[in-house]
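Peer 1: Below, each chain spelled out in residue letters.
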Amino acid sequence: MRRRVQEAPARDDRATPQRCLAQQRLLSGFFAAFLVLKLAEGWFGLDSWPLTDVSMFWERKPADVVPKRARFYGMRDGATFELSSRDFWLSEDEFNTRLRDEDDLARACSALAQSYNQRLRRRGLSRQRLSGAYAEREEIPRPGVPREPWHVRVECAVSAGDP
Amino acid sequence: MKPGVRLRARWCDFWFRPAALLDLGVARIVLAAIVLRLNGSMRFLPIGLISPDLWKPLPWIAALGFDQRPSLEQLMVFRRLSHAALLAVALGLLTHAALAIAFVLQLLQEAFLNCFGKTSHGTLPLLYAMLFFALAPCDRAVSLDALLRHGWRRVRGRADTPQARYSVYARWPFELLFAELASYYFLAGLAKIGSSGLLWADGYTLQYYLLEKATPAGLWLASHPLLCTALSVLVLAFELSWPLGIPFRRLRPLLFASGLAFHAGTIVFLRVSFWPLWVLYALFVPWSALAAIARRYAGRLFPGAHRMANVATGP
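If you're matching them up, the sequences are chains A and B in order. Take 1 as the starting number for the first sequence in the working numbering and just add one per residue. Take 164 as the starting number for the second sequence in the working numbering and just add one per residue.
Fair warning: there could be bad hints in the mix.
[Stated by the list, open to error] Computed cross-link-like contacts, DMTMM-like style, restricted to lysine to aspartate or glutamate with a CA-CA straight-line distance of at most 20 Å:
1. A/K68 to A/E148
2. B/K376 to B/D365
3. B/K376 to A/E138
4. B/K281 to A/E94
5. B/K376 to A/D101
6. B/K376 to A/D93
7. B/K376 to A/E82
8. B/K376 to A/D64
9. B/K281 to A/D101
10. B/K376 to A/E92
11. B/K281 to A/E59
12. B/K281 to A/D103
13. A/K68 to A/E102
14. B/K219 to A/E94
15. B/K281 to A/E41
16. B/K281 to A/D104
17. B/K281 to A/D93
18. B/K376 to A/E102
19. A/K68 to B/E375
20. B/K219 to A/D101
21. B/K376 to A/E59
Simulated from the structure, these hints should not be mistaken for laboratory data. Just so it is clear, the structure is predicted and the values come from calculations on it, not from any experiment.
Turn these sequences into a full structure, and let the hints steer you where they fit.
Peer 2: Below is the structure:
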């Protein structure tokens, strides 16, 4: 028995019942507010960071909807090369949001090409600017589901004044 | 006992049952290490290199004066301050102030990352963890603050006052963080069935995203529709079952284990890591229980060591 008493934990002795209750009530209010916030995020579908429940892959994609892939190509000194999200200092998701998911591919790829060139000009690297650019978008067929191949290519305006 | 009184007693017992301060102290160090590792030396600096015309500030970020993209110099100042604050958090020096500063800076810098047209919520539980720990007595164990306090007591001749090892405020940060994780997964599941019901789990949706992400393992999985369906059902079951872990604590080890399996799957098949999320599970490791077990085994193997451990940490 004595041993058990000795092993009993030393509690937080600073909390008197009155002080403890006041602090616990304050914290309880905080917990309740947090839980209400979480419910509101779910109920109202809040989507303004950091109050967001944006979840990846939530949207249903039926069998007749196929995924798309987008690619961006730049031209300089007669050479053509692919540019990835890293060339724009964007994440892969940000890059895809701008290029693959935009309705107007020509406008989307022009905006990317112009921002790429503007960044080089600001850094004094105008000689590395793109002289031309184009973007491609294609469908990826689902395995075992026959489908006509779909592919589109658009030219991008590399400076704001380009047609 | 009246139902209201009983409910209040249960509420208080749930949040304020005494827990080991050691767990909170070690979790504080783990949390600081996670954020330091996440930020690294370069995470936020590329923001200053992105073309300013791609900057689409969140309303509250614009209201704070960042209607233009922050400059590289500003980001470097934030980085230095953030690192210093996080190191202080890890050491437990001026812990609450350091955690508050680290939280505000992290919130700001994470918000910058969300100002380029893509919203990412992968690090939100980490931010909540920083907020909760800033409000909790995580400076009372394994910290320089605790050592300094002990030294101060000795100077004042009160060294014999035993240091508290348990506190009624040492449990709630873990409970609230678990509630955040549970809501995080649950809302993800709810968004899926809320938009299309159980049809989300017909396998075609998972197959679509696997083809889009195009990892070698994902492309293999996409060619097995039945497997896609089975995994989709498992994903929904996993995400929607997390709230059960709030009242039923015994389910938590199972939920953590299934969470690790889930994230391993998303890494291999979808190239989606979300590591700042699942690494937070480490905060729930019961360090004090592990220390007690280690002490017991050490006591059996080396009786002298057991006596020495008691001298160091108290009976």
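Peer 1: Hint compliance check: list the failing hint numbers for this structure, sorted ascending.
Peer 2: none
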